[in-house]
Structures are given as structure tokens and as C-alpha cells.
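Put together the whole structure using the sequences plus the hints.
Residue numbers (my numbering), protein chains in the order written: chain U, 1 to 111; chain S, 1 to 113.
Calculated directly from the structure, the hints in this document are not laboratory data. These numbers were taken from a predicted model, which means no experiment stands behind them.
Below 25 Å or equal to it, Euclidean Cα-Cα: the simulated DSS-like pairs (lysine-lysine) are: (1) S:Lys18 <-> S:Lys71; (2) S:Lys70 <-> S:Lys57; (3) S:Lys71 <-> U:Lys98; (4) U:Lys98 <-> U:Lys1; (5) S:Lys18 <-> S:Lys70; (6) S:Lys53 <-> S:Lys3; (7) S:Lys3 <-> U:Lys98; (8) U:Lys98 <-> S:Lys55; (9) U:Lys98 <-> U:Lys57; (10) S:Lys55 <-> S:Lys70; (11) S:Lys71 <-> S:Lys55; (12) U:Lys17 <-> U:Lys57; (13) S:Lys70 <-> U:Lys98; (14) S:Lys57 <-> S:Lys18; (15) S:Lys53 <-> S:Lys18; (16) U:Lys1 <-> U:Lys71; (17) S:Lys70 <-> S:Lys53; (18) U:Lys108 <-> U:Lys17; (19) U:Lys98 <-> S:Lys53; (20) S:Lys57 <-> U:Lys1; (21) S:Lys57 <-> U:Lys98.
Here are the chains, one letter per residue:
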Amino acid sequence: KNQVEQSPQSLIILEGKNCTLQCNYTVSPFSNLRWYKQDTGRGPVSLTIMTFSENTKSNGRYTATLDADTKQSSLHITASQLSDSASYICVVTSGTYKYIFGTGTRLKVLA
Amino acid sequence: DVKVTQSSRYLVKRTGEKVFLECVQDMDHENMFWYRQDPGLGLRLIYFSYDVKMKEKGDIPEGYSVSREKKERFSLILESASTNQTSMYLCASRTGGYQIGQYFGPGTRLTVT
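Structure, rendered in C-alpha cells:
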């Protein structure tokens, strides 16, 4: 069964600190993996996308990694800001139309 | 910038009512999707459309139907709303190339009482 699991479910950190979110997947066939940021009450917005051959992708303070052998991805946030408070969703694309969504990690950044 | 808009941010309906949720995108995208999002379950695909008048069932189509008469507009219909359809509904669109990824609308929070 295709699955995407994220950990932790929720996380609280102080402003300025770094954090890492995890995503493990069992999806076949694998097309690409994307991280989304979803602010409360809003639709998800794409942060990064990685294909099978890519193992690192950065977008400002966000850096995603992908290990296709172990089927793990991580999203590292550097020097967190209050505006980083959101849910972060890992999504694996399988084939052309199939998107398998993780349940997300809810991040809270405190001043 | 791609813009995906949804007709309502919040909606309250009564059990048994027919409900229409509308989604419009302005980038001439071929593919459009309807999801529902519930706590602890992630996004689940209800229906998608890969072209005008074309539709495919997703993982949870029961109790829903869709309509795509024009390329830019994709409607989700709840024929007879029930309380278990209370949820956040998200519309997404994309070009035919799946590598590009989906663009999401702001969502409609539907409450059925």
C-alpha cells in the first residue's frame, strides 16, 4: 500500500533555532517528492520538488534532502522565523496523476 | 502568478441540501483536482479532471459529483449534504506535465449541520 509518513506530528521551537522534519515513504512507482507549506486556513504552497536523481534542493532557508535508497526525505529549516509557523506536508507523486499526501507536521515557532 | 480561486472561504449548510463548490484557475491548466482535508488524514482525492468534460473518480468519490464545462472552472457538487461531509475542501490545478506540481486554492471550510 502506498504510504507517506511524517514525523514528528507537531513541533515547537524558539525563533532563530533550526529544525528538521522527516518524511518516509513507500510509494511505487516514484515520480517525485514535494514539500508544501500550509498556513492555517489556507491552501498548501509548494516549497521544493525533487526527482529520483536529486538529493538536495534549497529554497531560501528551506533545504530538502532525498535518499531514494532508504525512501526518506527531510526538510531542514534554518534560523526559524515566526512566519514559519505552519503545517508542512510531504507529497509523493506516483505515475502521472497519483499524489500521496502525508498527514503533515505542525510547526509552531515561539518568540 | 498562477491564481486558483474558490467561491467561498466558509460555508454552512443543512443536512440534505445540495451544495455547489466552485473553483476557477486563470492559467489555462488542463488538469484540476478536488480534495478534502481532515485532521490526521491528510488530503484525500475526491475527483479530478484531465480535460474539459472529462473526469475521473479519486479515492473517496461517494456522495460527490463534479462538473467541468469550461477549462478554467471545476465544480464539486454534494447532491445531498451530510454531516460527515463537514471538512476543508481544496481545489488544485496544474498543467499536463506532472513534474510542475499542483497549485492550490485557499480552501472552503464547509460545515453541514
